[in-house]
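With chain A held as given, fit chain B onto it using these hints.
Line by line, the protein sequences are chains A and B.
Position 68 of the first sequence, counting from 1, maps to 68 under the working numbering, and the rest follow consecutively.
Position 10 of the second sequence, counting from 1, maps to 1010 under the working numbering, and the rest follow consecutively.
Be aware that a few hints might be false.
A short, non-exhaustive set of chain A residues, derived as facing chain B with CB atoms under 7 Å [to be verified]:
(1) R17
(2) P29
(3) S32
(4) Q80
Below, computed lysine-lysine pairings styled on DSS-like, alpha-carbon distance capped at 25 Å [to be verified]:
(5) A:K61 - B:K1105
(6) B:K1063 - A:K63
(7) A:K61 - B:K1062
(8) A:K60 - A:K105
(9) B:K1132 - A:K61
Hints are computed from structural coordinates only; laboratory data are not their basis.
Backbone N, C-alpha and C fix where the C-beta goes; we use that ideal spot for every residue, glycine too.
There are 2 protein chains.
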Amino acid sequence: MDAQSEKLLAQIIRNTRVAALSTLRDEEPLSSMVAFVPLEDFSAFYIHVSRLAQHTVDMKKKKQVSLLITETDDGRADPQTLARVSIRCSAEMLENGAPGYTPIKELYLARFPASEEIFKLDDFNFWRLRPKGGRYVAGFAKAYNVTVETLQDVSKR
Amino acid sequence: MDAQSEKLLAQIIRNTRVAALSTLRDEEPLSSMVAFVPLEDFSAFYIHVSRLAQHTVDMKKKKQVSLLITETDDGRADPQTLARVSIRCSAEMLENGAPGYTPIKELYLARFPASEEIFKLDDFNFWRLRPKGGRYVAGFAKAYNVTVETLQDVSKR
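Here chain A stands alone, though its shape is the one from the complex:
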């Protein structure tokens, strides 16, 4: 991957605030929007979701999910050139107040200060999405496979 594509990948992971989460529901794929925050080294992505939401019920049954981060449409002539990365992940719930909870909450609130109120509701939890691999499209006909190592390297850009 060229340096420019690496930089663009780091940018979309850091700057995009919402992603599409795909889960499995009744043997069929289901997509939903999630706000997310990456760890600094891109070794995990955190989402904060209600226990009542469909995707949460799905993740409890099947931890294999897919997270699609798409560059925000800036109205350019050809939206097919928007950069996007589709990351296969393993999802795992974090108990509220468990070790490691507070730094994640701080990271999340630094990104989503308007979400403060949600932490008063007790049906919300963090889920850790651990990347297993993926596919990065840096523009039309410019695609790369992505490994856990690729993400770590790119996080230094």
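Leaving out everything else, chain B in the frame of chain A:
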């Protein structure tokens, strides 16, 4: 659903240019970005994809897919209030040049004029995504189930 939420749903379906498509790959959900165009009455969504792409291979094996249309992030304080609709669809390939092909090509090119060049490649096809139902989130904690009839009604807004 209130009139304002209906109007917002019609707007995001008409004005958003890219969506997240979820397909099934090796029993796991896979999400990818697609450019799409809706029919005027929202009875189908069309995407134009390469036979070589992963999502196309997936749709050939399993026609049940999910299309997530998310309001473009405008930088508002709370991205959780972005409107989005997740639509369960049945996917079906359209043969190039088959009856009905030309009007779809015109509709697609009116929306994506920069895609003209792609029609010179012979590994691209239209796929028709027929809605079966879905879930619309008009903002935080404001969610509605959506039927085929809901989509038709909303398309008149």
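Structure-based check of all given hints:
Interface hint at R17 (chain A): satisfied, since its Cβ lies 4 Å from the closest Cβ of chain B, which is below the 7 Å cut-off. The criterion of a C-beta within 7 Å of any C-beta in chain B is met by P29 (chain A), whose closest approach is roughly 4 Å, and the hint holds. Hint on S32 (chain A) holds. Least Cβ distance to chain B is approximately 5 Å, under the 7 Å limit. Annotation: interface hint on Q80 (chain A) holds; nearest CB of chain B at approximately 6 Å, less than 7 Å.
Annotation: proposed proximity of K61 (chain A) to K1105 (chain B) is violated, straight-line Cα distance about 41 Å (limit 25 Å). Between K1063 (chain B) and K63 (chain A) the alpha-carbon distance is near 22 Å, which keeps this suggested pair within the 25 Å criterion. A distance of roughly 21 Å separates the Cα atoms of K61 (chain A) and K1062 (chain B); the hinted pair therefore holds under the 25 Å criterion. Distance restraint check for K60 (chain A) and K105 (chain A): the Cα-Cα separation of roughly 21 Å lies within the 25 Å cut-off, and the hinted pair is therefore satisfied.
Between K1132 (chain B) and K61 (chain A) the CA atoms are separated by roughly 23 Å; this keeps the pair inside 25 Å, and the hint holds.
Consistency with the previously given hints fails for number 5 only.
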